[in-house]
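Student: Working from the sequences, and respecting the hints, build out all of it.
Read top to bottom, the protein sequences are chains A and B.
The numbering used here puts the first residue of the first sequence at 3, with every later residue one more than the last.
The numbering used here puts the first residue of the second sequence at 41, with every later residue one more than the last.
Among the clues, some could well be false.
[To be verified] Label-pair restraints from in silico Cβ distances:
id : chain 1 : residue 1 : chain 2 : residue 2 : range
1  : A       : 188       : B       : 199       : 29 to 35 angstroms
2  : B       : 234       : A       : 323       : 53 to 59 angstroms
3  : A       : 325       : B       : 251       : 54 to 60 angstroms
[Stated by the list, open to error] Covered stretches of chain A, as calculated for chain B (at least 3 residues, CB under 8 angstroms):
id : region
4  : 32-43
5  : 86-96
6  : 203-217
These are computed hints drawn from the structure, not numbers from a lab.
Where is the CB? At the ideal position from N, CA and C, for every residue including glycine.
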Amino acid sequence: MKRLATIAVAAAALAGTALSAYAEDFKIGLSNGWVGSEWRTQMIEEAEAAAALWKERGVNVEVVAQSANVDVPGQIAHVRNFISQGVNAIIINPNSPTAFDPVFAQAKEAGILVIATDAEVSSPDATYVGIDQKGWAMESAKWLAETLDGKGKVVAINGVAGHPANEMRVAGYREVFGQHDGIEIVNEVNANWDQAQGQQAMQNLLATYPDIDGVWVQDGMAAGAWRSIMDADKAGDIAATGEIRKDFIDIWTENKLNSGASVNPPGVMASALNVAVLMLQGRELKEPATAGQYGNAMYLPIPFISSDNLAEAAASMEGKPGHYSYTSALSIDDAEALFK
Amino acid sequence: MTATPSIAREGRGGFGALLDRFPFLPAIVILIVLLVLNGLFEPNSLSFRSLTGLVRTYMALMLLAVAQTYVVYAADIDLSVGAIASLVNVTIIVLMQHLGGGGLSVVAALGVGVLVGLACGLVNGFVVAALRLQAIVATFATSIFFTGLALTILPVAGMPAPTAFWRTYGGSFFGIPFVFYCVAVLAVLLYLLARSRLATQLLAVGDGQQAAFQSGLPVTAIRIGGYALCGVFAALAAFCITGDTASGDPLVGAKMTLFSVAAVVLGGSALSGGFGTVVGSVIAALIIGLINALVFFAGTPSHWQNFVQGLAILAALMVGILVSRRGRA
Chain A
3 MKRLATIAVA AAALAGTALS AYAEDFKIGL SNGWVGSEWR TQMIEEAEAA AALWKERGVN
63 VEVVAQSANV DVPGQIAHVR NFISQGVNAI IINPNSPTAF DPVFAQAKEA GILVIATDAE
123 VSSPDATYVG IDQKGWAMES AKWLAETLDG KGKVVAINGV AGHPANEMRV AGYREVFGQH
183 DGIEIVNEVN ANWDQAQGQQ AMQNLLATYP DIDGVWVQDG MAAGAWRSIM DADKAGDIAA
243 TGEIRKDFID IWTENKLNSG ASVNPPGVMA SALNVAVLML QGRELKEPAT AGQYGNAMYL
303 PIPFISSDNL AEAAASMEGK PGHYSYTSAL SIDDAEALFK
Chain B
41 MTATPSIARE GRGGFGALLD RFPFLPAIVI LIVLLVLNGL FEPNSLSFRS LTGLVRTYMA
101 LMLLAVAQTY VVYAADIDLS VGAIASLVNV TIIVLMQHLG GGGLSVVAAL GVGVLVGLAC
161 GLVNGFVVAA LRLQAIVATF ATSIFFTGLA LTILPVAGMP APTAFWRTYG GSFFGIPFVF
221 YCVAVLAVLL YLLARSRLAT QLLAVGDGQQ AAFQSGLPVT AIRIGGYALC GVFAALAAFC
281 ITGDTASGDP LVGAKMTLFS VAAVVLGGSA LSGGFGTVVG SVIAALIIGL INALVFFAGT
341 PSHWQNFVQG LAILAALMVG ILVSRRGRA
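Tutor: Next comes the structure, spelled out in structure tokens:
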């Protein structure tokens with residue numbers, strides 16, 4: 003009987019090794035602290051899909067996700083759960099730039115790689131892999147300034163005052179418009195990244211300044227702003243920034259709007275995951291991640307959609323639902339090219 | 041630490057009597073069940089490091105639940121505890137920054153923090169007990185007022201705390217994590233308060249304001265005292281939040297308010313006042329933390345996590361209330 007048990011245990015152990023036949027096994031935790039938009043859902047789904055692609059290379063990447071509406075202490079609990087579970091790396095879309103310093107330090111002590119994406123963090127124990135929010139704003143501001151031939155009256159519609167990403171974006175467009183003497187910013191308002199508030203704000207702005215030439219509006223509100231512009235029959239006279247969601251791209255195509263959109267792709271987390279796996283393999287970056295205000299950032303390229311490549315963007319989103327965002331991510335090969 | 045109601049509940053034996061003596065028994069049972077379940081799904085979650093992390097994360101909620109319990113004793117409620125915690129958080133962060141971040145400046149900032157909490161509690165008490173506004177609406181209004189103040193003091197989340205401050209909260213002394221010293225101090229504090237006159241008087245007021253008044257108790261002063269105590273504990277909660285997040289955030293406590301009310305009920309106190317236990321509230325705060333962890337360790341798909349969390353808290357509330365009701369019926 004005892005012998006039988008020994009054999010059974012041995013067989014189980016063998017089966018166990020057969021199951022984990024991969025050369026490498028990594029467990030990566032994904033934490034998302036806000037589920038208010040489809041963009042975040044798409045972000046997680048793309049990261050999970052990216053993890054599955056590593057199988058072809060003999061690397062088994064298991065992804066565990068925590069995604070819920072939580073406050074900062076709640077997201078700290080996310081990180082602690084990952085530490086308990088003994089993940090190899092944590093990829094987080096953080097709810098605060100500074101509040102994670104202590105818990106990231108604890109994760110690092112436990113030998114866990116921490117990567118933040120979408121919003122930068124101050125922790126020296128983490129690396130940021132994502133777009134430069136200031137650069138994101140500068141791209142579309144440049145487009146607007148060039149479209150207006152460097153002169154005209156412009157209004158700006160921003161997100162939540164005081165939010166770190168919002169402040170970086172505001173700094174970005176102000177810098178670009180400041181370089182063009184002919185561009186005058188006549189007003190800047192906040193519409194809290196809400197389509198309805200964006201629409202309302204645009205209506206008010208059109209009533210107050212009937213002669214504006216351009217609108218710099220952040221994503222999440224641009225569709226609303228454009229609705230007001232179209233309702234006022236000004237679509238032909240005004241150039242305004244746009245969105246990357248499929249429903250807006252369709253309206254843009256149909257009405258031949260004069261628009262341009264910087265892309266903050268939901269694929270940033272997938273890019274971060276590919277970078278994380280390479281780091282876990284012990285590879286070193288060609289250029290260490292030292293960009294940004296906290297000196298720990300690695301910025302990803304920011305795609306841009308304008309009327310020139312609109313058809314291409316629309317084609318890539320064919321058959322997707324209206325809330326689907328135009329996306330791009332570092333493939334495994336792209337990511338590998340960044341490493342020694 | 042168990043507060044027995046002023047009305048005699050004698051003459052009943054068995055389970056009912058046990059529940060009267062230890063109203064937090066159902067909460068303890070739920071806590072043990074959750075610990076076992078967490079251990080089954082993720083053995084590591086019962087490691088010393090993980091349990092320390094759990095206490096570190098939920099210490100603030102424990103203190104807020106205690107704060108809430110004292111006002112609930114008197115059949116009042118405080119929907120501004122989270123806002124008070126946020127206000128104290130930004131106040132001490134800004135003060136520590138201005139005073140240079142040395143040891144003395146930290147102590148001074150914490151002192152001011154307690155005073156701010158106390159002041160907020162007194163404002164609440166004045167509005168509710170002296171002006172006789174409905175507690176639920178009045179404290180909701182003051183919560184907006186306190187949040188507004190916090191936003192004036194620190195408009196953007198993110199000013200860092202001195203490293204020494206959060207290293208202390210996250211650190212260990214003589215091999216024991218700092219938060220366990222906090223727990224010990226809290227236990228002593230709660231023990232002393234349970235023997236204090238204020239606690240008994242609050243329960244008496246909660247049991248029947250009219251009767252308390254007629255028997256000569258200064259009801260208004262007692263209720264104000266309850267809110268003041270609540271404000272002080274909310275300030276202590278803010279210290280823990282600050283220790284764990286190492287930064288200021290004018291909105292950090294907002295979501296914790298209703299969790300503190302849930303913890304009070306889950307712990308075995310009656311929202312109708314006159315009967316309660318701070319120990320139960322402390323345990324219940326840990327229960328909420330363990331539920332959140334369990335939902336993840338059990339492998340719930342990410343888009344279902346909020347849903348399952350809510351459901352599990354509801355289930356725990358129902359179990360606790362049904363058991364207590366049967367015991368006391």
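Student: State for each hint whether it applies.
Tutor: Hint-by-hint comparison with the structure:
A hinted range of 29 to 35 angstroms holds for the C-beta pair residue 188 (chain A) and residue 199 (chain B), which are about 33 angstroms apart. Residue 234 (chain B) and residue 323 (chain A) have their C-beta atoms about 57 angstroms apart, which keeps the hinted 53 to 59 angstroms range intact. The hint said 54 to 60 angstroms for the Cβ distance between residue 325 (chain A) and residue 251 (chain B), and at roughly 59 angstroms that hint holds. With 4 residues having a beta carbon nearer than 8 angstroms to a beta carbon of chain B, the region 32-43 of chain A meets the requirement of three or more and the stated coverage holds.
Given as covered by chain B, the region 86-96 of chain A passes the check, having 3 residues with a CB less than 8 angstroms from a CB of that chain where 3 are the minimum. For the region 203-217 of chain A, the stated coverage by chain B is violated: 0 residues have a C-beta nearer than 8 angstroms to a C-beta of that chain, whereas at least 3 were required.
Checked against the numbered hints given earlier, the structure breaks only hint 6 and satisfies all the rest.
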